[in-house]
Amino acid sequence: MKQNILLLSSHIEYSGLVCDTLAKHGILATIAGDMQEALSILHTNSPAFLWLDLDIDAARSLLTEIVDRFLCPPPYIILTSAFSGSADRADMLNQGADVCVELPVDLREILALLNGVLRREERIRCVHAGNLLPCIEHKELFIDPLRRHVRMRGHAVYLTPKEFDLLYLLANSPGVAFSKEQIYSYVWKTNGNLGASTVSDHISSLRQKLGLHPKNNEYIQTIFKVGYRFAEAI
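So in the working numbering, spot 215 of the sequence shown is number 215, and the numbers just go up one at a time.
If you are wondering where the hints come from, they were derived from the structure by calculation, not from laboratory data.
C-beta: ideal position from N, C-alpha, C; glycine also.
One or more hints might be untrue.
In silico DSS-like pairs for lysine-lysine, Cα to Cα no more than 30 Å straight-line [stated by the list, open to error]:
| # | residue 1 | residue 2 |
| --- | --- | --- |
| 1 | 215 | 225 |
| 2 | 209 | 180 |
| 3 | 180 | 225 |
| 4 | 139 | 209 |
| 5 | 180 | 139 |
| 6 | 162 | 139 |
| 7 | 139 | 215 |
| 8 | 162 | 215 |
So the derived label-pair ranges between C-beta atoms look like this [said to hold, decoys possible]:
| # | residue 1 | residue 2 | range |
| --- | --- | --- | --- |
| 9 | 58 | 205 | 29 to 35 Å |
| 10 | 213 | 17 | 26 to 32 Å |
| 11 | 39 | 225 | 39 to 45 Å |
Turn these sequences into a full structure, and let the hints steer you where they fit.
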């Protein structure tokens, strides 16, 4: 797991100290000056951690943006703020924060949180090494199901949870044709009259994000009057 963090703080006076302290522990920190800069950085980079040191209202607005637009892979989000009580913290966790830390911040606590996540990632890697959920590689496409990370031609591809689940379903069973109804049932865990069009829309979005022409058959193949399948390795 990358050891980098994006920090957006309304307390600029100690941001430099934070960066220096994290750097001494091998964690590279980038400071965003405002919400728009933070969102711009997230468009082009995928930090392992996102530290929001903001008031509740600003954090709520930014979390909504992040959850809607940067879903896969999501950074581990640390929110530090002056919480009025457990209801505030619960609300922020429901909004998308992974952990809430009360101000004033003790950097030792932040470091402990970061190291805890890194240790967990290492344990996941051990499971990965056991091939319980192996990565999928096909031509220029790479899929890591444990981190829910996708790369195409060496570049990260940011997918919504449903787009990732759909892609993994197909890629994990190359050559198997799935009807739109089957895909909708597997991915959305339900049946519905609008399932076929929903699946088609998500396939179209997937192809666009992967940079694939609709008639490209090297990855996702359209099976006329049936549904879709993933190309078999030659």
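Original post:
Failing hints, ascending?
Top reply: 10
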